[in-house]
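Read top to bottom, the protein sequences are chains A and B.
With our numbering applied, the first sequence covers 1 to 289.
With our numbering applied, the second sequence covers 1 to 380.
Hints are computed from structural coordinates only; laboratory data are not their basis.
Possibly wrong hints are sitting among the right ones.
What the hints assert, rightly or not - To spell it out: a stretch of chain A is covered by chain B in this simulated footprint if at least three of its residues, at any positions, have a beta carbon under 8 angstroms from a beta carbon of chain B; those stretches are: (1) 33 to 46; (2) 85 to 97; (3) 106 to 114.
Claimed, not checked - Below 25 angstroms or equal to it, Euclidean Cα-Cα: the simulated DSS-like pairs (lysine-lysine) are: (4) A:K224 to A:K269; (5) A:K145 to A:K26; (6) A:K276 to B:K175; (7) A:K276 to B:K374.
Note that this is a predicted model, so its numbers are computed, not measured.
Built from N, CA and C at the ideal position, the CB exists for glycine as well.
Given next are the chains, with one letter for each unit.
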Amino acid sequence: MSTFIDKSTRLVVQGITGRDGSFHAKQMIEYGTQVVAGVTPGKGGQQFESSVPIFNTVAEAVAATRANTSVIYVPAAVAASAIFEAADAGIRLIVCITEGIPVLDMTRVLPFVRERGVRLIGPNCPGLISPDQSKVGIIPGNICKPGKIGVVSRSGTLTYEIIHQLSTHGMGQSTCVGIGGDPLIGTNFIDCLAAFQADAATSAIVMIGEIGGTDEQQAAEFAKREVKKPIVGFIAGQTAPPGRRMGHAGAIISGSSGTAAEKMAAFEKAGISVMKRPADVVPLLKERL
Amino acid sequence: MNLHEYQARDLLRRQGIPVPPGEVATTPAEARTIAERFGGKVVIKAQVHAGGRGKAGGVKLAKTTAEAEAHAKAIIGMTIKGLTVQKVLVAPAAEIASESYVGIIVDRTSQRPVLMVSPAGGIDIEEVAAKTPEKIHRLAVDPRYGLLAHQALALGFALYKDVKQARAAADIMQKLYAAVYAVGASLAEINPLVTTADGAVQALDAKIAVDDNELERHPDIAALRDLTAEAPEEVAAREAGLTFIKLEGSVGCCVNGAGLAMATMDLVKYYGGEPANFLDIGGSSNPQKVVAALRIITSDARVQVILFNIFGGITRCDDVANGIVQATREFTLKVPIVIRLTGTNEALGVEILRKAGFSALTDMDESVKQAVAKLKGRTA
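Modelling step: build the complete structure from the supplied sequences, incorporating the hints.
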């Protein structure tokens, strides 16, 4: 068991011939992910690494290979378009690695994917991995170990740091999900907490947040109500300078400054153990398990 | 990217929103000439990317052209929240009957552009929101259909009883909504939206923040960037594709990823040091970015030690290692450097560093501890 992806995941890589797309497609294949197709308009009919067929469109890739999941490495200017295309082609899970997508593009993308019942992870995220089953994205496979800890994070590299701590101390992971650091994302903390709560292979959860917004506070309230498994949390940005103000509107809309202290207090109130530094993750989990 | 008030006003005017006249001056003499044209009685407003301009003395009313020149002289060159005022907006002083607030921001929770209006506009709008939230009317707009006429009119009536004024406000809201998508704004505010003595509805002051990710597709908006209004090292970082924020401490940090960068700063503090900066080299790094990062960090005289914390994913350790080696060929590092390198292409990166005489650590906690220990006046 795992969450969102497993051995049956059939992956199409959008942007497979680009610098990042080709590098990480190879890494995913080496990890054992079923990479069944690639898409680069104009390169349809060619082969990637003499083994993966390349198509001009996602729809062609799906028709020919029964791909059910897509990962996106295309440039930011066309990334929203790539998400629309994947959702239109019948892909069920879209993982968008690309960073720098305009937030207004996402205001149009999100209703489109939701209407079709498609799950989007990201954008601006490292993707996800279910160790020894499947990896979709860029999380380095060698730092992960199979096990029972579910990891969900808004950050990219900080997630690797936490996974690395877990693995080197013998605590494997069921699934690690990087949900992305952008203001508008497809899958949030609450979605992942609910999935980990429902996943029989997950026995404890690590949640890594950041300053800004109120997602962590809302997730803490959800956790208190709905999640029975132990949770250990971290908030990055305790020493960050107060953010550049977004006019008056930012303060009016959230009624919150989104500081680390505020989020850590919300975690504690919900019974989530709070790490002071990344190295605290293992001792705190041991206390709770 | 923030626009100045005068730029935001121009932009709204081009969208067809009624904006009272006003011109920009960079010298007191220019301010006087403009004031003469407007009949002498004008407002002089500092054009600077900071809130609370009025409270800082950056907004002054002048009754005569001589007074306008004197106010401009006082305001140009003054410092507001660390930023030097280079320009002032000179606008005719208007008789104002009422002040309202209209703002649009992309809301994380509803994941839509949210229109917020309040009849209690002006400088204390945040206090209004905190103390009397019922005076703020909100609408999450469905981006597939945009702001519909009846929705805008209902909010117009929330501001004004008079149907003509309500219609005028509704028209302004629809144009403001269109402006958000037209320029790629993450925030657009009219505060205050005023009614004049003769009943006209006008946008007196405006604030627009453009999403940096939109600038490539809006070169006309990108050209509005005022480099003199920003810290020079932040300009250099942006041009190199880095995210950099200068802080007060002495540990120069170079990290890949914003979350890890913040966690690194937190850990520096945890072990008794103070970070000199936030610096994220981003994903998909190339060696040149690392060279630029080191150039920016070492230009800060307060930096006593440089700490690299790299956990490779899309960033490759060999790229970072090559960047460090290349930088030391281009200029001399005068302070110690502690490098933590792990993840994608780690072995390659460590080998490149070893050949150049550097060593690399693999543990974050240990590397931060070592960096803090290298600060002057401390023993390792």
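Status of the hints after comparison with the structure:
With 0 residues carrying a beta carbon less than 8 angstroms from a beta carbon of chain B, the segment 33 to 46 of chain A misses the three-residue requirement, and the given coverage is violated. Counting residues of the segment 85 to 97 of chain A whose CB falls under 8 angstroms from any CB of chain B gives 1; the rule of at least 3 is not met. By the rule of at least three residues with a Cβ nearer than 8 angstroms to a Cβ of chain B, the coverage given for the segment 106 to 114 of chain A holds, with 5 such residues. Distance hint between K224 (chain A) and K269 (chain A) is fulfilled; the C-alpha atoms sit about 9 angstroms from each other, no more than 25 angstroms.
A C-alpha spacing of about 20 angstroms is found between K145 (chain A) and K26 (chain A), which places the hinted pair at or below 25 angstroms, so the restraint holds. The hinted pair formed by K276 (chain A) and K175 (chain B) fails the criterion: a straight-line CA distance of about 47 angstroms is larger than 25 angstroms. Of the supplied pair hints, the one linking K276 (chain A) and K374 (chain B) holds, its CA atoms being roughly 23 angstroms apart against a limit of 25 angstroms.
Going through the hint list in order, the structure does not satisfy hints 1, 2, 6.
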